[in-house]
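Chemist: The primary structure of each chain is shown beneath.
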Amino acid sequence: MSTLAEYTIVVMLLIGGAFTLVGAIGLARLPDFFTRLHGPTKATTLGVGAIILASVVYFSFQGEGIGITEILIMAFLFMTAPISANMLAKAAMHLDVDVMEGTKGNPWEQ
Amino acid sequence: MELAFALAIGALTASGVYLLLRARTFPVVIGLTLLSYGVNLFLFSSGRLATGGQPIIGSTSQYSDPLPQALVLTAIVIGFAMTAFVVVLALRNLADNEDDHVDGYQSERTPKLKTEEAEVSEK
Amino acid sequence: MIAIALNITIAMVVLAAVLNVYRLFKGPDAPDRVLALDTLYINAIALIILLGITLGTRMYLEAAILIAVMGFVGTVAMAKYLKRGSVIE
Amino acid sequence: MFDRLNFPQPWLSLTLFLVWQFLSNGVSGASVVMGLLLAWLIPQLTQGFWPDRPALTRPWRLPGYLLRVLVDIVIASVTVARLILSGRPPKPVFVSYPLELEQPMAITILASTISLTPGTVSADVSDDQKILLIHALDAGSEQEVIDAIKQRYEKPLMEMFR
Amino acid sequence: MNHWLTAPILIPLLGGILQVFMGYAPVSLRRTLALTTTVLILVSAIVLLVLADDGSYRAYAFGNWAPPFGIVLVLDRLAALMLVLTAILALFCHIYSVGGADEGNRQFHALYLFQLLGLNIAFLTGDLFNLFVAFEVLLIASYGLLMHGAGTARTVPGLHYVVLNLAGSSIFLISVGMIYSVTGTLNMADLALQVPRVSGEDLLIVKAAGMMLLVVFGLKAAILPLCFWLPRAYAKATAPVAALFAVMTKVGIYAILRVYTLVFGDQAGELAGLGMDWLFPMALVTLAMGVVGAVGSESLKTLVAWQVIISVGTLLAAMSLGSEAGTSAALFYLLNTTWVVGGLFLVADLISRQRGSAGDRIVTAPRMHNRTFLSTLFLIGAVAAAGLPPLSGFFAKLLILQAATPGTQMAWLWSVVLAGGFFTLIAYSRAGSIVFWRTVDGHVENPGRLSGTVSVSAGALVALSFVIVVLAGPITRYTDATAAQLHNSSDYIEILKTPMVGKEE
Amino acid sequence: MSLPLVVLLPFLGALAAPLFAQGGRTAIAIASSVPAIIALAALYPHWSTLADGGVVLHSYEWLPALGISFSFRLDGLSLLFALLILVIGLLIILYARYYLKAKENVGKFYSLLLCFMGSMLGIVLSSNLLLMLVFWELTSLTSFLLISFWNHKQDARRGARMALAVTGGGGLALMAGILIIGNIVGSFELDDVLAAGDLIKAHSLYPVALTLVLLGAFTKSAQFPFHFWLPHAMQAPTPVSAYLHSATMVKAGIFLMARLYPALAGTEQWFYMVSFTGMATLLIGAYVAMFKHDLKGLLAHSTVSHLGLITLLFGMGTKLAAVAAVFHVINHATFKASLFMAAGIIDHETGTRDMRRINGLWRYMPHTATLAMVAAASMAGVPLLNGFLSKEMFFAESLQLNLPGFWAWVPPLVATLAGIFAVAYSARFIHDVFFNGKPVDLPIYPPHEPPRYMKIPVEILVFACIMVGVFPAISVGPLLYTAAAATLGGPVPEYHLTIAHGFNLPLVMSFAAFFGGLLMYSQRQRFFDFHARFKEIDEKAVFEGVVSWLASTANRLTFFIENGSLQRYAALLVISVVAVAIVPLTSLGVFVGENGLSPIDWPTLIGIAILILCALATAVMHRERFYALILLSVVGLLVSLGFARFSAPDLAMTQLSVEVVTIVLLMLALFYMPSWTPIESSTSRRVRDAAIALVAGAGMTLVTLAMLTRPFTSISEYFLDNSKPGGGGTNVVNVILVDFRGFDTLGEITVLAIAALGIYSMLKNTVLTPPPGDGQGHAWNRDAYPLMLRQIARPMLPLALMVSAYIFLRGHNMPGGGFIAGLITAVALILQYIASGMIWTQYRVPFRYHNVIGLGLLFAVIAGAASYAFGYPFLTSTFDYIKWPVVGKFEVASALVFDLGVYLTVIGATLLALVSIGRLSPHSAIKSIKESA
Ligand code: NA
Ligand code: NA
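As you go down the protein sequences, you meet chains A, B, C, D, E and F in turn.
Each residue of the first sequence is one higher than the last, beginning at 160 in the working numbering.
Each residue of the second sequence is one higher than the last, beginning at 566 in the working numbering.
Each residue of the third sequence is one higher than the last, beginning at -13 in the working numbering.
Each residue of the fourth sequence is one higher than the last, beginning at 156 in the working numbering.
Each residue of the fifth sequence is one higher than the last, beginning at 3 in the working numbering.
Each residue of the sixth sequence is one higher than the last, beginning at 85 in the working numbering.
Keep in mind that the hints were calculated from the coordinates and are not lab data.
None of these values were measured; they are calculated from a predicted model.
Just so you know, even glycine gets a beta-carbon here, dropped at the ideal spot from N, CA and C.
Check the hints yourself; a few may be wrong.
Said to hold, decoys possible - Partial list, derived from the structure: chain F residues whose beta carbon lies under 10 Å from chain D:
#1 Leu167
#2 Arg707
#3 Leu873
#4 Ser951
#5 Trp968
Unchecked claim - Looking from chain E toward chain B, a few residues come up when the C-beta cut is under 10 Å (computed):
#6 Gly57
#7 Ser58
#8 Val164
#9 Val165
#10 Val178
#11 Val184
To be verified - Here are the computed distance ranges between Cβ atoms for each label pair:
#12 Gly454/E to Asp207/D: 55 to 61 Å
#13 Gly42/C to Leu240/D: 32 to 38 Å
#14 Val971/F to Gly623/B: 20 to 26 Å
#15 His862/F to Asp207/D: 29 to 35 Å
#16 Glu299/D to Arg707/F: 45 to 51 Å
#17 Gly138/F to Val442/E: 58 to 64 Å
#18 Gln411/E to Leu483/F: 46 to 52 Å
#19 Ile230/A to Gly623/B: 21 to 27 Å
#20 Gly435/F to Thr374/E: 24 to 30 Å
Please put together the full structure from these sequences, using the hints given.
Modeler: What follows is the structure, given as structure tokens:
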């Protein structure tokens, strides 16, 4: 395996881990449901994306051909994560969960 | 590691059993599900634990025991079918008895035998 | 080097999972818990891929695909329950 | 079921074909044959489940759009990460975004894009599909958010789905 | 390999599949095909009985994989006996159900045939895990059948039945896991070979597993204190279902008989006779509890349901004597009790149809339209079930009592069986005299008239007790041979040497 | 051949009799008498053999395993009883013809009567004790039906049940006794048993056997304290009473004592048990008879008393006493049968049996009165009548007992006292019925003589009384002798059958009894007053009370134990498992096997910690149901990660997909359920449950630890070796599933299919009212099908199908397979239902899920059965590698067809189950139509 590939893998892994962790920190620390919703939908998605890329590179340089199946995981994740977020936001608005002080605008309920 | 694994199975069993002994259908269903998780892990581990030993020929040098895996797969499917059935039965119970108490009507749990004497008046 | 990075990444993802579990227990509302569960599912994808890299095998990849394709259905069902009660109607 | 022996949803079939190559982890004789077969068969089976198919008129713009989104995700993720790590309380805002897109699929793609790009989450679409409710994590004003989205995402999408 | 061995499995399976497709076919067609299937099952069972009567073991290796690696069916006398027993019961119950009890559910016949599928697999399989699968097949079908019929009465008992059996299935799996973790095999013949070699700490694991397995089988068989799910569930079930369920507890009995003579039998070394010292007292307590329940019953079906428990206690008591004579007696009793109790469920149903709102409750009601016929059937059933001469129950009991060797065991067995018989007699005479003789004036609106099918099937089942008496000679010869085969199970292990098709030894 | 015929004939008659019921009472009576007449004729030729002291044996093998044979044996004793049964039976048949009313169910009556006759003949003619037992219990059963012939009368029902309980119960004791005897002797054949008397009496189980046999005899023959059933059995129609309670049923017990006399008698135990029982019965019966106002009640108690007398005679143990006993059997049968018939005539003609109302019948029916008076005189022991002779023998024997000291006086005194009572009640029978003023308020008035033929049976019997009384040696001598010889099983002692033996002590006793009895009757009012001071016990009420108490106690006990509480049953199950496993497991202790523990892997450890935490939290938080569900999902997710971590990719995938479906399922159900579980169990209960749970969990932990750390070898090497060459796949788990253990999988998908069908059926007509809101004050949202979800669901379906096809096709070689693929497809379809609704989706699904299930199963079966065609067993798979241009080399495996079956079944079953639940939701159906438009 080339050094470049190795560095790429390492960097991707660390980025992925870091974003996943940050997303989780956000989920843990942010003050209300809607702000917490941001953590997973992006930071984590991105984090997983980076890890997936690491995997792609890793297996492509294993000498057994390329490994691209992982890309699909990212594609599916990008398709479905917004839906989860949307559904959860709708549920939260329906349940009228607390919104942090200083939030501009209002969640509405149809 | 084995101790932690064993404790996990123990915890699943304990929680499952505790919920199994509850008075409402929903906790009982949850309890059965937890119990089946524990049982599946147990059955799985009867082939011992291995790391990276997936029983796919050619994918590794040391294969883990495939038979328990096949058994657990069967058990998972059967467990799923059973869970589905019992959930629906719980719904049916709810429909028929208007609450989800596992024991049905309280009144049905008291004796009500009429002795022959009690009925002789009919004569 | 990859091994070290892998260990660090795994540690970070596991820590992330712990934080998710923290949120799951903390709540306070049902959507928070579902959100935490959803995030745990995504963490699980990461963990499975990391496991594959660690073991040098692609045998576990499909499990990750499965989560990506189907994992959100559970979240959707839960969210719909919270909002609508009836999941299939 | 099998109305005609054609590809009722060619774009879908193409996507499926590609998906199959990804799943097969590369292109081979077998994967092409099987991919073609499935890319034909599956839309035949499922076309009924997609009655209101979007009129994707300029599909070639899609890769560019995706790339832009991807880049945005990366950049803005960093922003959000910094916000989270800084410990500073965010300044969230609920934005009622007036939609110009009309096709449901287009709206969905826009909303998904908004959710994927950090700092904003599509919370809801109004019943009449005219307003998109967005929660922005840390934004100055409502209008800022609206303008950014309009420019970066809705416009290109309108180009594609006309 | 003799393909006949698969017939009792494939016939109901295919018949059931056919029924799944035919949900909207005309009811007469569905009934015809369903009954044909059941008849074919009986035919195949009889063929197997004839085959098995030569005293050899026949193995059938699915997938042409040699045991212990693949799953095998093993036909011996016991398996054949159970198949025939079940097929005959099933046929009459099925005929009865065609009299109208099958209505209201298009899947009734499918469930019914799948139920038989599960039973037949259980009787034939030579694999411990496959036995689990068979249990699940027959259980899930029984859940469906139990819930068949209108009304809300059966929901709660059904729930109890299902939940307990689900817990039981978990215990079964745990036991299988424990046994596999030591012996590394699932084939029962192979287990019989491996278990005697187990030693040390492993022994404790297998011992615990064996005992837990006994609890599982005990739950199916309804041994005290695991029998309480039964009376209400059976009493509330639709009649032909309840009647068919007369054989359900016998599956547990069968499993005990099979596993504890083969795997934990005399040749099992340190684990020989595992649990049998527990079984005897539990069996007697079960019998006693059954009698208490029968005497205290408020309805005929409950009474018959408790009779099931009495039967279980009696059977297990005889089996746990551990002798060939005891086993043979138990098998003879098994035939009698299964058919007669099944018949009694049907009779109770016919009675309740003619008593308006009184139903099968043991209270006064207007006189039944077909009182003479029904009371005769009830009398025959009660006499056979309570073990009075001249019907089969008497001879069965006689065999059981004779099987005991003098000593404390005999004293207990005789006292409990005889006293139990006495109180059962009181229970039946009390129930019968109130239900048939204590009539009040008035008449029942729309009493259920007896159709040919229901009368014949109910009558035939109880009348089988006459047949057993007439054929008592051949039957005892067969059960003796079966018991001998079971108690000398070393030949069973020979099935491991079954040659595979197209493969040289 | 003739002996089995004798027994069989009445049964055949019983089957035939109802056919003659149409022809009227005369026809059926004639038809019914035919079997008895033929039987008598069949017995006649044997007389010469018996008179020479021989025995007639007819034996056929029946159930050698049981020791039962069809053996019949005729000797003097059985001949005597057979004659009594047949002759009196014939008379009863004639009598009943006039007694029964035309509208009564005569078919049933004669049928039962003949059954009873056959059973009695069976008892006396059986040579095999077990065969005799069969007939013994048959008499209990048939008499039960005969006594309850008028079952609309409560007293008849109760009397019948009491008789059945006592005699049936006694029969069970007899059964035990006979089995013991059979065990001792090694045979149940009478000849063997009678020859083995010494062996039996020396055996340690002799007292037990004797007690059990006597219990049978005493209950049947109404001996104290089991005598109470007999008077209540008088609720039977009089022909039945006359038959059962004079010559047959009650004599069965006597017969048994006589039959087994050589085998059992002659010991101290015999003496004390039999004679004292007899004595008590003799006295009590005689005493009570005196005070009965019911004509049949008087006779019934008199019967009890006379049975006691016979029992006492047998108990005395002397040979002469046995002869006297046999003699009294004959005499009692004749006079008692005639008395019962006379009582029946009186009842028939007056409409009552109350002696306080029946008076002065002499004037109305002198003929009947004469007959009854003669018979009653015989009962009283008046000279020149047969009763006198045997009573005289009895008195004589009572003096022969060599009891010590004071006790020597007891038997004669008791005998005399009983004699006094007997005379007194006989006198009452004569005086109170036929004289004593005018009738009082008779239901039928004026009474007159019955039909001519109704009296014939009585006349014959009374004639017999006189004949025996006057010419005993000629009339009954030979029969008595052979019977006595058979009873004793050896030489018969010297005895003289003459009218009088001169003046001796027995004669004094007879006179004392006669005049004492008359005196007592003349002073009856004092005795009645004395007797009235005691509350009379109604045994029937007591019996009913006991039975009712039994039933209600049993009912309460049952409800106490089987209280309908699943919680209790489940606890019992868990406790049972713990109880049986605890001993081996505690011996195991915290056992770490020789493989030791593997090093700690921190991420896994944390994962396990989370799993444990969430599992416990599920139990702790279970009352908040939605929360519990989320925790459960976490547990499920971690379990699947655990499978992946420990080398089981297939399991991880299966668990994941099942998890998703399960969540949807539980959400569907939770909608209708309360979202909170109330606290219902007490703290102590929860502590108890927690303790049970912890013990169970600890046990599982111990076993798992022990298991995981021990080495073992399994059959799995074979699977790893043969998977590729033999099964054509590299995914060994999948090859096991579809090939090595394909039969398990067939069962498994059948389970799935059945579950779905069951669910469908169960919910077919179920109506559930959905709650209006979520229980926390939120009404449900209107938005049933959110836009974004709907839009994404559409491309998800083909994409998921693609993935599912991929997972399916690679399953044989890589992780995956039909089951997982099926679930992916199912989930993709479920997503359509969630996103777009039931009707929208259902409209687009081009097939019934039932058919998908059926097709799936069919595929699996066909894949398996195809191998039949090649002579291989079911489920034998085959595979080949094919090389095609472009495509390259690829594998074709028949197992794939099997897996396709799995795939289809999973789809069909999963969807049928979920859709069945979804269909419950009523409020959105209309809306979804609108949406789909
Ligand atoms: Na009078
Ligand atoms: Na094969």
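Chemist: If a hint holds in the structure, say so; if it does not, say that too.
Modeler: Hint by hint, here is what the structure shows:
The criterion of a C-beta within 10 Å of any C-beta in chain D is not met by Leu167/F, whose closest approach is roughly 90 Å, and the hint is violated. Taking 10 Å as the C-beta cut-off, the interface hint given for Arg707/F is violated, the closest approach to chain D being about 31 Å. The interface hint given for Leu873/F is met, as the beta carbon of that residue sits about 9 Å from the closest beta carbon of chain D, less than 10 Å. Because the smallest distance between the Cβ of Ser951/F and any Cβ of chain D comes to about 27 Å, over 10 Å, the interface hint for this residue is violated.
Taking 10 Å as the C-beta contact cut-off toward chain D, the hint placing Trp968/F at the interface holds, the least distance being around 8 Å. Nearest Cβ of chain B to the Cβ of Gly57/E: about 33 Å, over the 10 Å cut. The hint is violated. Restraint check, Ser58/E versus chain B: the minimum CB separation of about 29 Å is more than 10 Å; hint violated. Against a cut-off of 10 Å between C-beta atoms, the interface hint on Val164/E holds, since the closest Cβ of chain B lies about 5 Å away.
Given the 10 Å rule on beta carbons, the hint for Val165/E holds: about 6 Å separates it from the nearest Cβ of chain B. With 10 Å as the threshold, the beta carbon of Val178/E comes within range of chain B, its nearest partner Cβ sitting at about 7 Å, so the hint holds. Given hint, Val184/E at the interface with chain B, holds; its Cβ is 9 Å from that chain's nearest Cβ, closer than 10 Å. For Gly454/E and Asp207/D, the hinted distance range of 55 to 61 Å is satisfied, since their beta carbons lie about 59 Å from each other.
Judged by the Cβ atoms, the range 32 to 38 Å given for Gly42/C and Leu240/D holds: they are separated by roughly 33 Å. Between Val971/F and Gly623/B the beta carbons are some 22 Å apart, a value that agrees with the proposed interval 20 to 26 Å. Separated by about 31 Å at the C-beta atoms, His862/F and Asp207/D satisfy the suggested range of 29 to 35 Å. Here the CB-CB span from Glu299/D to Arg707/F is close to 46 Å, well matched to the stated 45 to 51 Å.
Under the hint 58 to 64 Å, the C-beta atoms of Gly138/F and Val442/E, about 59 Å apart, fit the expected range. Distance hint check for Gln411/E and Leu483/F: the Cβ-Cβ separation is about 48 Å, which falls inside the suggested range of 46 to 52 Å. Judged by the Cβ atoms, the range 21 to 27 Å given for Ile230/A and Gly623/B holds: they are separated by roughly 25 Å. A C-beta distance of roughly 28 Å is found between Gly435/F and Thr374/E, which places it inside the suggested range of 24 to 30 Å.
Of the numbered hints listed earlier, those contradicted by the structure are 1, 2, 4, 6 and 7.
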